[in-house]
Amino acid sequence: MSEAVSDMQTPEGDEEQVVPVYVYGLVRAGTELPAGLEGLGPSGQVSTMVEGEVAAIVSDIPLDRPLGTRKDLLAHEAVVDAVAANAAVLPMRFPAVTAEDAVVEELLAPNQDHFLAVLDDLEGRVQYTLKGRYVEDAVLGEVLQANAEIRALQDKISELPEDASYYDRVRLGELVVNVLEEQREGDAAQILDRLEPFAVSLVANQPSQPEDVVNAAFLVERDRLGDFDEAVENLGSELDGRIRLRLLGPLAPYDFIPAE
Amino acid sequence: MTVSAQRGGGGGGVVERGGGGPGGGLADVIELILDKGLVIDVFVRVSLVGIEILTIDARIVVASVDTFLRFAEATNRADLYGKGAKPKDLGELTQSITEGGAKGKTSGALDAAVDKVGELLSSGREDREAAPRRRPRQRERDE
Chain L
1 MSEAVSDMQT PEGDEEQVVP VYVYGLVRAG TELPAGLEGL GPSGQVSTMV EGEVAAIVSD
61 IPLDRPLGTR KDLLAHEAVV DAVAANAAVL PMRFPAVTAE DAVVEELLAP NQDHFLAVLD
121 DLEGRVQYTL KGRYVEDAVL GEVLQANAEI RALQDKISEL PEDASYYDRV RLGELVVNVL
181 EEQREGDAAQ ILDRLEPFAV SLVANQPSQP EDVVNAAFLV ERDRLGDFDE AVENLGSELD
241 GRIRLRLLGP LAPYDFIPAE
Chain E
1001 MTVSAQRGGG GGGVVERGGG GPGGGLADVI ELILDKGLVI DVFVRVSLVG IEILTIDARI
1061 VVASVDTFLR FAEATNRADL YGKGAKPKDL GELTQSITEG GAKGKTSGAL DAAVDKVGEL
1121 LSSGREDREA APRRRPRQRE RDE
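Protein chains in written order, with this note's numbering: chain L, 1 to 260; chain E, 1001 to 1143.
Do not rely on the hints blindly, as some may be mistaken.
Here are the simulated SDA-like cross-link-like pairs (lysine to any residue), alpha carbons at most 25 Å apart as the crow flies [as the list claims (entries may be wrong)]:
no.: 1; chain 1: L; residue 1: K71; chain 2: E; residue 2: A1074
no.: 2; chain 1: L; residue 1: K71; chain 2: E; residue 2: V1039
no.: 3; chain 1: L; residue 1: K71; chain 2: E; residue 2: A1027
Cβ pair distances, simulated, as ranges [what the hints assert, rightly or not]:
no.: 4; chain 1: L; residue 1: Q45; chain 2: E; residue 2: N1076; range: 51 to 61 Å
no.: 5; chain 1: E; residue 1: E1073; chain 2: L; residue 2: L63; range: 40 to 50 Å
no.: 6; chain 1: L; residue 1: L63; chain 2: E; residue 2: N1076; range: 47 to 57 Å
no.: 7; chain 1: L; residue 1: E53; chain 2: E; residue 2: E1073; range: 54 to 64 Å
no.: 8; chain 1: L; residue 1: A259; chain 2: E; residue 2: G1050; range: 27 to 37 Å
Calculated from the structure, these hints are not laboratory results.
Since the structure is predicted, the reported quantities are computational estimates derived from the model, not experimental observations.
For every residue, glycine included, the Cβ atom is placed at its ideal position computed from N, Cα and C.
Please take these sequences and the hints and turn them into a complete structure.
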């Protein structure tokens, strides 16, 4: 059975034929998709498949190449975030490929109540992710000033040729990283305390690099977005020069999807 | 790079903004869509033949020694500000920090690594990273 299906709209004449679809996320039936969604399929179009009160956001997929390029990842994210900007959406994890028939029969129909309950919880709310990173020069200056051991080690290194100072440099870096990781906790707690009152819920993810201070997701009521935004901006001004904040959103509520 | 202010609230600020789509970097996207969200395989059992999914592992292990050396170097640079010829003018210094700031002046090890993955992904047809599978499934995780 060799099939080269490239069009989702292929009529269901042949019952052996499996039409693959990509699923971006789930919404309440009747949710209008924003115009201009392109998705990752060759058709450049995104549509919905509805069953009862839920709908899956779907598109075709490329069949002439493996899925998973940078462009595919960005396309997936672009679709769910664009929908999330105005509506509650349950985003899928990449890659979400299945057969067209299975979307209704296996995904939507049997799990409808569960999906609706989660969508209800997310209604009127949207995710923002805040990332904070130390401004290297400023914070390393602080670390040096406060820590005699690090300064001494630094002086020693400056007198040695590079080859001879390898282990001391590793040690120096380790000491600096330890200090940063210690002070991160206090700085992160301060940031989260300030913003928590503006969010329905928050998830603090583990920062991935020593200079990262905070990586937290906030679920915010749409009608409080202005307050939240203002609070972030005020905080950003206060921290300016020492910690740089970056606010991502509106995002699909990836951090607030309950485990299946 | 300057701070862009594409937000509903209006008014520019010190907080860098990025939304979904082209605004967000690949690193931000990977962190979300590969690690979080509903896993389709939990719900559907239909197998699809002939669809290849690239294996992607977003968790890039940065050797800690490299991280330490990077910080040692950064610390030695920071010291130039500390005792070397005093900064002529504080305004200038602040400006250089802010400018470098927007995109991260020493691009973090993770960013560099993610760029690398990005290259791999965009040259995805090479078979080294492509794992043909009988059906798409959640990528294996050893966690």
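Okay, the hints, checked on the actual structure:
no.	hint	in the structure
1	K71/L with A1074/E	violated, 34 Å
2	K71/L with V1039/E	holds, 20 Å
3	K71/L with A1027/E	holds, 13 Å
4	Q45/L with N1076/E: 51 to 61 Å	holds, 54 Å
5	E1073/E with L63/L: 40 to 50 Å	holds, 48 Å
6	L63/L with N1076/E: 47 to 57 Å	holds, 53 Å
7	E53/L with E1073/E: 54 to 64 Å	holds, 57 Å
8	A259/L with G1050/E: 27 to 37 Å	holds, 31 Å
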